[in-house]
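*Asks:* Each chain, written out:
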Amino acid sequence: MKAIKNIGLIIFLAGLGIFTSLIFIGEFKFSQDSLDQVISEKGIKSEIFIEDLKKTVVGKEFDGMLSFSPKITSALETANQQHRRNKEYKKVIYTAPHDMAAFIGKKAGSGFIINNKGLMWFLTFGLGIMGALMFIVPNVILLGTKGIKNDGIYHENATNRGWIAWFVFIFLVFFYLILYFRSEYAVNWTYLLDPISVSLSGNQAGHWFVYGFMYCVVMTVMAVRMYIKYRHNMYQMVRTTSVLFFQIVFAFLIPEIMVRLQMPYYDFKNAFPLDYDFFFSWNLKELTASGGIGLFILVWGIVLTLIIVPVMVYFFGKRWYCSWVCGCGGLAETLGDPYRQHSNKSLFSWRVERWLVHGVLLFAIVMTGMTLYSFFTETGTVLGIKTQNVQNSYSLLIGAFFAGVIGTGFYPIFGNRVWCRFGCPLAAYLGFVQRFKSRFRITTNGGQCISCGNCSTYCEQGIDVRAYAQKGENIIRSSCVGCGVCSAVCPRGVLKLENGPEKGRINPTQVLLGNDVDLMELVNKK
Amino acid sequence: MEHIVIIGNGISGVTAARHIRKLSDKKITIISAETEYFFSRTALMYVYMGHMKFEHTQPYENWFWKKNRIELVNAYVERIDHSNKKLHLKESSEIIYDKLIIATGSKSNKFGWPGQDLKGVQGLYSKQDLEGVEKYAPDNRTCRRAVIVGGGLIGIELAEMLRSRDIPVTFLVREDSFWNVVLPSGESKMINEHIVEHHIDLRLSTNLVEIIPDENGRAKAVTTDKGDTIACDFVGLTAGVSPNIDFLKESGIELGRGVKVNRFLETNIKDIYAIGDCAEQHEAIGNRRPIEAVWYTGRMMGETVAQTICGDKFEYKPGHWFNSAKFLDIEYQTYGWVFSEKLKREFEEHFHWRHSKEKICITIAYHTETKKFLGINTFGIRMRHEIFNRWLTENRDVDYVMEYLKDANFDPEFYAQYESDIVSTYNSKFGTRIVPKKKSWKRIFKTA
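Residue numbers (the numbering used here), protein chains in the order written: chain A, 1 to 526; chain B, 1 to 448.
Derived from the structure by calculation, the hints contain no laboratory data.
For each residue, glycine too, the CB sits at the ideal point set by N, CA and C.
Watch out, some of these pointers could steer you wrong.
Claimed, not checked - Between beta-carbon pairs, the in silico distance windows are:
#1 ASN344/A - ALA75/B: 30 to 38 angstroms
#2 ARG351/A - LYS313/B: 48 to 56 angstroms
#3 ASN524/A - ASP421/B: 46 to 54 angstroms
#4 ILE196/A - ASP421/B: 46 to 54 angstroms
#5 ILE196/A - SER420/B: 28 to 36 angstroms
#6 LEU204/B - ASN344/A: 40 to 48 angstroms
#7 SER420/B - LYS2/A: 38 to 46 angstroms
#8 ALA158/A - PHE347/B: 52 to 60 angstroms
#9 ASP25/B - ASN392/A: 37 to 45 angstroms
#10 ASP25/B - ASN344/A: 54 to 62 angstroms
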């Protein structure tokens, strides 16, 4: 069994290694034909750019994106500089340099990778999936009888912030940096997924398709791990299935299929303000131009945020979204599960959390307010501030850095819910409802708590669960996503997630059940 | 300002300090030789098993004590001079108190076995004990086999710990079935099976005779009264605990096995109180033992003595008995009194149900004649403390408990429910026709 695991690990690392090497390798040949395509598709009017490309790129062969990309980006930057200097604003190219590099790169790829997409898929994704499953599945036997399987978590390098964790951290951060800021280096990855993308949407794969596909693959493989680890716990089984279903069907398949049907790309479960660009003018224009379905999406998006989300939180707590439906939550609960113990439980971090998460919510609301004002009044500025600038800074700071690079990249060091806890504006909104108007609570079972601290240690949201449980107090916290792990790891059966009557939900106590009835009355009723 | 000094920073001492602070402005000092900060003793096993780090066992952050003006002194109290209200610490310093709370907890029992003080022989109670296990049994190369002596809650925890690092464990249990002084036979039998399932070499009806040292004064084997010699590198002595009060022998404070206290937790000497594991009631309260070495009773005594010290004199009057534990993977909860066959009273009758495949069972004790519900033991099913506490107060009979059993279930959502099966077994045994009522929030959250 151990041998199978080790072989699996080697296969996985081989797959990961080949996948990573694709950033650097591959042949790129850019023909005159392709250049003409680019000129017409992008509507390029800059003769400087075109001439430059003809000189430096066309007809030449490049070994790896590292040598190819700088030619494009520098050509674009110099061309734009000149045009701006000469006030030829019509000739300025508004595609960002690295997006242009990715766009051209996608057309320029040639050689082994392009001609062997299936084989390359197998050598990367295939080996990765196979190796990971070989590493994970033997646990069915190795983990032994049913029960809590946290042995050795703080002895293992990977789960105790050892060098493996730091390595994974750096790897993930780089991956996200490529995804958001240097997508030309993802071009080779897109080739591997072209066949799948074409069969779904009819289009070639872009780097966001790669991300979506990887997301689903990683979640599925790590969900297998969850199923094995928590196989005795029905709540975890059902919840994992739910979150996997919503990722694969709602976040991945439906939007792709909608594109095939000439409909707008839309994830029906992605609620504003997590879906922060829902009200951006380009989206509103696209939706209103898409006929019935566009209008439906517009209404659905608004109803989802204003009615469905809060009503569901009233009945079930924000867990229905955060740990049952949401994609970010889904990745956190599968890929992130081995790191859940790293969330900081100090009072200080709770303070930081409240400022940050509500700050982001405020940011999102102000930005959307400006966006809508600009949209309806058709002005570019609100009180002298350019709406576009605010949108851009939100997209960069919150959308890319916080949600992506930090949100997932920081898993191995700061736990799996950094984004959900400190950054997600939707979580902040749901949190208000959960805290003030909901039937959800984690019930503390009378006086049974022994203050062991398993619940707090494994709370991914950094809630000091024990602080409540040892006082016999129910846990009502806006940040709780209802993952149910505190209840699972409790050795004394103290915690239960439930939806009950609002009355008595919040029950501050000083003296716990089991002591003198008169004393309890005296102290608790004060 | 009155100075309250508490010896011992366990759950009882710390609870007392917290409540005194809530009620008053008195000066509070906690003295401990074990650790700088309060930690949860019950969680030590999880540190060894790698579920947590030691810092996670500390329920309060380090700034808590200063903020609440609770002074922590890391020292060992050697002697109490009550006539001068003075404590003599080991480093020859002194502390003057106005009121003193003794909350020194327990120490592991040693029954005079030859070799009991050898290296690699220890109990499992303190932080130092944890360090000892880590030193003498860090892995299965250093410790090729461990022997655990004493079949109780700590023994099985120690076994679970060592097994988490694949160390072979031999478990010597005096009784003919695990913990059957406390557990009824059906349950005890189930736990026996579960112990073996975890590849623990369980030896029932077996006593330790002697621990044999190697040339370095370290344990190398034990012999049993069955005539076996078992080679081992570590011996865990887990045959219960007793009050940690040796330093009080000459103090003039009345001692039995523990520090003798009345219902107000006062000792025979004015302004000296004792709480927690080390306190011994003059007369047992209800069915409880005079010394209760249980987490929550320590806490409750702390809650109570704080009232008395702050001028609102309160008797220690624990409510209905309850407790919980975990035997490897099986959670155990108990509410009210269910006695083993060995201790059962003549009017106590049991209804036992066990799942056909899973290691899940319950035992309900009731009065033979009145059918009054006396208590319940559950294994692998979580139950609601509040509901059973209420039923015990309301003197419900066993039929009522069966009928409303679903209200008491505390298992996580989507878990398989066993109440219908339990009730139908009950019906077929007693010829009753109880139909279990659906769970009702209204009943569950009814305020009495």
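*Asks:* Hints first: check each against the structure and report whether it holds.
*Replies:* Here is how each hint holds up against the structure:
1. Here the CB-CB span from ASN344/A to ALA75/B is close to 32 angstroms, well matched to the stated 30 to 38 angstroms.
2. The hinted window of 48 to 56 angstroms between ARG351/A and LYS313/B is violated, with their beta carbons roughly 40 angstroms apart.
3. Look at ASN524/A against ASP421/B: about 37 angstroms separates their beta carbons, and that is not inside 46 to 54 angstroms.
4. The given range of 46 to 54 angstroms is respected by ILE196/A and ASP421/B, whose C-beta atoms sit roughly 48 angstroms from each other.
5. Between ILE196/A and SER420/B the beta carbons are some 48 angstroms apart, a value that contradicts the proposed interval 28 to 36 angstroms.
6. Look at LEU204/B against ASN344/A: about 47 angstroms separates their beta carbons, and that is inside 40 to 48 angstroms.
7. Separated by about 43 angstroms at the C-beta atoms, SER420/B and LYS2/A satisfy the suggested range of 38 to 46 angstroms.
8. Under the hint 52 to 60 angstroms, the C-beta atoms of ALA158/A and PHE347/B, about 58 angstroms apart, fit the expected range.
9. Distance hint check: the CB atoms of ASP25/B and ASN392/A are about 56 angstroms apart, inconsistent with the given range 37 to 45 angstroms.
10. The beta-carbon spacing between ASP25/B and ASN344/A, approximately 33 angstroms, falls outside the hinted interval of 54 to 62 angstroms.
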